[in-house]
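Novice: Put together the whole structure using the sequences plus the hints.
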Amino acid sequence: MDISNYIYLSAILFTIGAIGVVVRRNAIVVFMCIELMLNAANLAFVTFSRIHGNLAGQVTSFFTMVVAACEVVVGLAIIVAIYRSRRSASVDDANLLKR
Amino acid sequence: MTISTNLVYFIALPLFSSGLLLLLGRKADKWGHIFATLVSASVFIIGVIEFFAMQGREGEARAATQKLFEWISVGSLQVDAGLLLDQLSICFVLLISGVGTLIHIYSIAYMSHDRDRRRFFAYLNLFIAAMLLLVLGDSYLNLYVGWEGVGLASYLLIGFWNEKPAYAAAAKKAFVANRVGDVGLSLAIMIAFTQFGTVTFAGVKEGASGASAGALTAIGAMLLLAAAGKSAQFPLQSWLGDAMAGPTPVSALIHAATMVTAGVYLITRSNFIFDASPTAQLMVVIVGAITLLFGALIGTAKDDIKKALAASTMSQIGYMILATGLGPVGYAFAIMHLITHGFFKAGMFLGAGSVMHGMNDEVNMRRYGALRKVMPITAATFGLGYLAILGVPPFAGFYSKDKIIETAFDSGGIQGILLGSITLLGAGITAFYMTRVMVLTFIGTKRWDEKAHPHESPFLMWAPMAALAVGSVASGFLLNSGSALVNWLQPVVNANQEYHSGHLLPPIVVSIMALTVVAIGVAIAVLKYRTVPVVAPENVLGITKAARKDLYQDSFNEAVFMRPGQKLTAGLVNTDYKVVDGLVRLVGWVVQISASNLRNIQNGYVRSYALIMVLGVIALIAAVWMVTL
Numbered sequence: 001m002d003i004s005n006y007i008y009l010s011a012i013l014f015t016i017g018a019i020g021v022v023v024r025r026n027a028i029v030v031f032m033c034i035e036l037m038l039n040a041a042n043l044a045f046v047t048f049s050r051i052h053g054n055l056a057g058q059v060t061s062f063f064t065m066v067v068a069a070c071e072v073v074v075g076l077a078i079i080v081a082i083y084r085s086r087r088s089a090s091v092d093d094a095n096l097l098k099r
Numbered sequence: 001m002t003i004s005t006n007l008v009y010f011i012a013l014p015l016f017s018s019g020l021l022l023l024l025g026r027k028a029d030k031w032g033h034i035f036a037t038l039v040s041a042s043v044f045i046i047g048v049i050e051f052f053a054m055q056g057r058e059g060e061a062r063a064a065t066q067k068l069f070e071w072i073s074v075g076s077l078q079v080d081a082g083l084l085l086d087q088l089s090i091c092f093v094l095l096i097s098g099v100g101t102l103i104h105i106y107s108i109a110y111m112s113h114d115r116d117r118r119r120f121f122a123y124l125n126l127f128i129a130a131m132l133l134l135v136l137g138d139s140y141l142n143l144y145v146g147w148e149g150v151g152l153a154s155y156l157l158i159g160f161w162n163e164k165p166a167y168a169a170a171a172k173k174a175f176v177a178n179r180v181g182d183v184g185l186s187l188a189i190m191i192a193f194t195q196f197g198t199v200t201f202a203g204v205k206e207g208a209s210g211a212s213a214g215a216l217t218a219i220g221a222m223l224l225l226a227a228a229g230k231s232a233q234f235p236l237q238s239w240l241g242d243a244m245a246g247p248t249p250v251s252a253l254i255h256a257a258t259m260v261t262a263g264v265y266l267i268t269r270s271n272f273i274f275d276a277s278p279t280a281q282l283m284v285v286i287v288g289a290i291t292l293l294f295g296a297l298i299g300t301a302k303d304d305i306k307k308a309l310a311a312s313t314m315s316q317i318g319y320m321i322l323a324t325g326l327g328p329v330g331y332a333f334a335i336m337h338l339i340t341h342g343f344f345k346a347g348m349f350l351g352a353g354s355v356m357h358g359m360n361d362e363v364n365m366r367r368y369g370a371l372r373k374v375m376p377i378t379a380a381t382f383g384l385g386y387l388a389i390l391g392v393p394p395f396a397g398f399y400s401k402d403k404i405i406e407t408a409f410d411s412g413g414i415q416g417i418l419l420g421s422i423t424l425l426g427a428g429i430t431a432f433y434m435t436r437v438m439v440l441t442f443i444g445t446k447r448w449d450e451k452a453h454p455h456e457s458p459f460l461m462w463a464p465m466a467a468l469a470v471g472s473v474a475s476g477f478l479l480n481s482g483s484a485l486v487n488w489l490q491p492v493v494n495a496n497q498e499y500h501s502g503h504l505l506p507p508i509v510v511s512i513m514a515l516t517v518v519a520i521g522v523a524i525a526v527l528k529y530r531t532v533p534v535v536a537p538e539n540v541l542g543i544t545k546a547a548r549k550d551l552y553q554d555s556f557n558e559a560v561f562m563r564p565g566q567k568l569t570a571g572l573v574n575t576d577y578k579v580v581d582g583l584v585r586l587v588g589w590v591v592q593i594s595a596s597n598l599r600n601i602q603n604g605y606v607r608s609y610a611l612i613m614v615l616g617v618i619a620l621i622a623a624v625w626m627v628t629l
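Taken in sequence, the protein lines are chains A and B. In terms of this note's numbering, the first sequence opens at residue 1 and continues consecutively. In terms of this note's numbering, the second sequence opens at residue 1 and continues consecutively.
Fair warning: there could be bad hints in the mix.
What the hints assert, rightly or not - Below, a sample of chain A positions facing chain B; criterion: calculated Cβ distance under 10 Å: (1) Ile-19; (2) Val-21; (3) Ala-41; (4) Leu-43; (5) Arg-87.
Unchecked claim - Derived Cβ-Cβ restraints for the label pairs, each shown as a range: (6) Ile-593/B <-> Ile-19/A: 52 to 62 Å; (7) Ile-593/B <-> Val-66/A: 37 to 47 Å; (8) Asn-95/A <-> Val-584/B: 34 to 44 Å; (9) Val-614/B <-> Val-46/A: 21 to 31 Å; (10) Ile-593/B <-> Ile-28/A: 35 to 45 Å; (11) Asn-95/A <-> Val-614/B: 10 to 20 Å; (12) Ile-28/A <-> Val-584/B: 49 to 59 Å.
Don't read these hints as lab results, they were simulated from the structure. Cβ coordinates follow ideal geometry from the N, Cα and C atoms, glycine included.
Specialist: Laid out in structure tokens, this is it:
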């Protein structure tokens, strides 16, 4: 199997994630789409690592995972806090910072 | 060799007293005036002691110096704060502190009803300190400090009753006119420094002998400008008349006897510059001649007694300035006239103050008349001053003014005859306007308000007037006997070298001519003012109309300097507002407009931010892709 297919998959996953972030209103879904984008990036890292035959990409993907894990913790906490205070998980409702 | 002695008391004492009275405020109200008067008197006593100490020394050892501290030390500009008491300074020290003390005493009574009497005395002491610094400084820069100090004191005292806007404006006018002159002094100092590398009198004197004629003329012209500003000489004389807004003792001390003569002091002190530059001397003579006629003409038309006396002061200082332009011997006679004038003019001003005191502050002489009956002492002291200014022998003015007229005739050629005639004419006009003041005030019929109850002034007021009257009588004779003053000033101004050379006219002829002109002036005034209308007549000669308006000096200044100046400032303010501020405001406006448009992007919707970010990343990638392709 051609290894470049992984790249295509990564690109497709990233695009799906990006479209999801832009079009969906539910914060949880937006959040999952971000995870999807991160994992698409991870896939690309690993693939390129394989193509170039060095481990830098693999190591970077571990870093990404760690960051993603931290981000999930903080992000979910924020979402829960917002939901508790506003009774809504829609990202469009949390627009108090405008202007 | 000059000796070193302690001179700082002259300045420190009155300065301390002034500061004390101002800082203590109302707490010092009870004793402030007495304290200030005692300080002034003690300065006079120190002056007398120094004077006798000088008498005990011979020749060049008479001058004493004191270095106070290193003042300015910048590169080649080294200026020490130093004092110099020489034969010239001591004349001024005695005049300033002597007349000053008398006027302090007079003011105790004159200002007794004023709630700010303590502040008045604090300013008077400030003036004494500054004026003494002016005459005791050993360099032009030290003189300059005193010069500005007396300007400040003069401003504060003219505007002492500054609750009246006209008085505050008069103070401002004096201040501004003086600043014009001060520019001259500072320029003169700067030129002297660039030419000689020093600003001390001794250093400049040394340098002047080898300096170029152009530089000396420039310094001389600038010094003359400074003198014109301070001494109310043409073309900067317009402030003196308005300066009469100040309390009368101030007019007597500052605007008659001492401060306005600072210009004469400056020129006499700089004799080495003027002696070396005939052009500068000629300018001095012209300014003096113009002013002496100018002031005399104004004096003939003024109904305000103080303004008439102020015009007379202007004219008399014109005599002094003219004399200083006549070379070495002129300096000595200028100083002699300055001292005698200090006595008789201060005495007459105090007399005017005494009249005003008794007449509810009425200054219009047309409302006076026949006051000799109710104010015999004032009339007598004023009369002695009057005889002195007329130059009637043996009163003081006879000796000093005749010497100036004589020296003017002796200055040689057509110039001498012209100057002599001008000084003679001035003497005639002086006789006319002083007789007019005398007749309108003390003689004739009474033209008082029903409400006025003129009365003789208290002892504290007439005693100083009497003392000054004694000076008006005797000072001329004393200073002239055996050429006392000329010999005394010899080391400073080299007066002797030409005094005893030939005369164009014998002194006795000059005296007879002067007395004849004076007699004519008196006769015209007496005939003209047998009856005096209470309201000034309107159908008068053009010259009278002009003189009433100060010979249009104010209108001239207003049209030539003030209005264009205002236009210039208005134009500059406009340019500043439109161009400079406009540029700044344009920057602000651009930022504001772009910001208010850009903030629409910050709509608070997370998804639109994400979209922008995605689009941005795509654009970035596209750009990189395009470049690498």
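Novice: Are the hints correct? Go through all of them and say.
Specialist: Here's how the hints hold up against the structure:
1. Of the supplied interface hints, the one on Ile-19/A holds, with its beta-carbon coming within about 9 Å of a beta-carbon of chain B, less than 10 Å.
2. Because the beta carbon of Val-21/A sits about 5 Å from the nearest beta carbon in chain B, less than 10 Å, this interface hint is met.
3. Residue-level restraint check for Ala-41/A is violated (minimum Cβ-Cβ distance to chain B is 12 Å; threshold 10 Å).
4. The beta carbon of Leu-43/A is not positioned within 10 Å of any beta carbon in chain B (closest approach about 18 Å), and the interface hint is therefore violated.
5. The criterion of a C-beta within 10 Å of any C-beta in chain B is not met by Arg-87/A, whose closest approach is roughly 18 Å, and the hint is violated.
6. Here the CB-CB span from Ile-593/B to Ile-19/A is close to 35 Å, at odds with the stated 52 to 62 Å.
7. For the pair Ile-593/B and Val-66/A, the beta carbons lie near 46 Å from each other, so the given range of 37 to 47 Å is met.
8. One distance hint, 34 to 44 Å for the beta-carbon pair Asn-95/A and Val-584/B, holds here, with the actual separation near 36 Å.
9. In this structure the supplied range 21 to 31 Å holds for Val-614/B paired with Val-46/A, their Cβ-Cβ distance being about 23 Å.
10. Taking 35 to 45 Å as the suggested C-beta distance range, the pair Ile-593/B and Ile-28/A conforms, at roughly 41 Å.
11. At roughly 19 Å, the beta carbons of Asn-95/A and Val-614/B sit within the given window of 10 to 20 Å.
12. The beta-carbon spacing between Ile-28/A and Val-584/B, approximately 51 Å, falls within the hinted interval of 49 to 59 Å.
When held up to the earlier numbered hints, the structure conflicts with 3, 4, 5, 6 and fits the remainder.
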